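The whole structure should be built from the sequences, with the hints applied where relevant.
First to last, the sequence lines map onto chains A and B.
According to this note's numbering, the first sequence holds residues 1 to 317 in order.
According to this note's numbering, the second sequence holds residues 1 to 235 in order.
Bear in mind the hints are in silico, worked out from the structure with no lab data behind them.
A portion of the hints provided could be inaccurate.
As the list claims (entries may be wrong) - Some chain A residues judged to face chain B by a derived CB distance under 7 angstroms, without partners named:
| id | residue |
| --- | --- |
| 1 | R133 |
| 2 | E136 |
| 3 | A187 |
| 4 | E190 |
| 5 | T193 |
| 6 | N194 |
| 7 | S196 |
| 8 | L197 |
| 9 | M198 |
| 10 | G199 |
| 11 | V200 |
Computed from a prediction, not measured in an experiment: that's the story for all the values here.
Even for Gly, the Cβ is constructed at its ideal location relative to N, Cα and C.
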Amino acid sequence: MPVALTLSVSFWSDQFVNGLTTGSLYALIALGYTMVYGVLKMINFAHGEVFMLGSFAGYGALVAMGGNELSGPVIALAILGAIIVAMSASVSASVVIERLAYRPLRGAPASPPHQRHRRLHLPPVPRPRADFRPREVLPRHLPRGSLSAGPFEITYIQLFLIASSVAMMALLYAIIQRTRLGRAIRAVAENPTNASLMGVDVNRTIVFVFILGAAMAGVAGVLYGLFFQTIRGSMGFIPGIKAFTAAVLGGIGSIPGAMAGGYVLGLAETVGRELLNELPGVNLGNQWRDVIAFTLLVTILIFRPTGIFAQRSTTRA
Amino acid sequence: MPLLDVRDLRAGYGAILAVKGISLHVDEGEIVTLIGSNGAGKSTTLRAISGVIRPRGGQVTFDGQRIDRLQPHAIVRLGLSHVPEGRGIFHSLSVYENLLMGAYTRGDDLHDDLERVYRLFPRLKERLRQPGGTLSGGEQQMLAIGRALMARPRLLLLDEPSMGLSPVLVETIFETIQAIRREGATVLLVEQNALMALEIADRAYVLESGEITLAGTGAELARDDSVRRAYLGEG
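What follows is the structure, encoded as structure tokens:
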């Protein structure tokens with residue numbers, strides 16, 4: 001019997017919390033992939049870089065506001081400011097990407113390609129070559145403690161990360177389900193021609209989709225930096241592909257699917273890593289997470305390309 | 001000045017020119033119908049008017065303004081609503097949300113308009129929370145017309161509203177079209193069901209292979225021998 005299975009309850013509850021933490025980041029980023037796919041039937045593979053840019057912009061904002069000198073309640077304000085700056089940076093980048101890389105690929109709005117593209121298309125988006133050196137994310141004086149509830153122990157920063165992610169996703173979900181813009185986005189996702197006959201400006205709505213997805217990625221960038229403490233120019237790649245995997249898991253195009261897919265992937269990775277690390281003779285350590293994620297991605301694409309959840313048209317957006 | 005004036009309109013898809021230079025007009029308050037066999041270019045004409053496809057040539061003037069270079073969303077804002085072939089219901093949106101999409105261009109109070117749609121189509125009111133895709137064909141057609149009315153259009157383009165419906169439902173839909181006209185809207189109706197269309201239309205055009213071959217009042221065309229042979233199943 002593998003040793004891990006005999007480990008304490010608190011060990012597994014720690015892994016559970018860790019899974020929720022990375023899962024939150026995956027879910028936030030996955031929303032950008034799934035929403036853009038929903039309206040364009042194209043994958044925005046620059047989205048990982050949008051996340052990275054948000055992270056660096058948030059870092060810059062924290063430094064500008066005093067960085068390591070900050071302490072006490074001012075930190076909360078500084079982090080809020082950093083999140084706003086990160087969202088703005090990610091949104092700006094994403095709007096430019098939409099305008100320069102995606103809009104030329106689409107037909108005129110009057111003859112949208114929505115019915116013809118059912119497979120994943122890889123648009124020729126050049127990967128940003130930003131060579132940002134690793135940076136330590138400030139401030140250092142974040143509260144370091146943790147909270148306990150039964151067998152669960154969660155650090156303040158994890159709690160903050162998960163709570164902010166859930167709050168952002170709830171906000172996004174409310175926008176999609178309850179507002180005029182959200183209805184327009186769902187209508188365009190289902191049929192752009194018919195949406196335009198209702199008076200919806202399809203191009204403008206697609207820009208808003210990029211904006212909403214990028215805002216989520218910007219928040220994820222700041223949360224990533226605060227949690228892992230180090231950010232680098234290449235940081236968008238692996239989380240980007242993982243978040244894409246999460247979106248595919250949940251059924252690409254589906255907003256609740258991307259959220260759930262993020263958490264399923266986060267938990268599968270962390271729990272799976274601990275189980276597989278007990279295999280004798282194979283010493284992959286943390287790399288098991290990538291093995292698990294990409295095995296899942298390939299398996300899903302082969303056997304269930306519409307995602308692991310029963311796909312109902314009402315959940316798409 | 002007619003509400004809608006189409007001059008020498010040419011439109012098509014790829015290498016195919018489906019509409020080969022037609023002219024027609026619709027005056028305020030009229031029901032005008034465009035009849036013709038399958039593939040004659042009826043739907044293409046409506047799609048070119050509402051901007052879904054860009055006309056290859058000719059002019060479309062709505063309420064004195066050229067609209068043949070405008071995008072569909074801009075045309076809707078001018079007061080021209082198009083209920084497309086196949087109804088164009090958003091299957092994943094609820095019936096209520098579909099109605100709200102109809103009023104997308106408006107920012108004012110919708111209460112009276114919703115009540116009007118419920119009065120015209122009581123069955124929709126019972127199904128407000130259902131996804132549009134769960135409605136029957138007849139209910140979807142009611143929703144499509146009701147949704148178009150939510151925009152308070154001055155001109156309504158209807159593409160084959162009777163398609164796939166039972167005779168009783170066709171009757172209901174045509175009665176509704178007349179009711180809508182009595183309430184002040186103008187209608188351009190495309191139909192394969194020529195008999196019904198000519199019965200309610202003030203004027204009619206016959207479209208054959210992308211060209212208008214006959215025009216007149218609904219009653220005149222209903223009496224015309226060639227029309228009776230070709231479209232009314234006689235001779």
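Checklist entry - Any hints this thing doesn't respect? Which numbers, in order? => result Hint check: 1, 2 fail, others pass.
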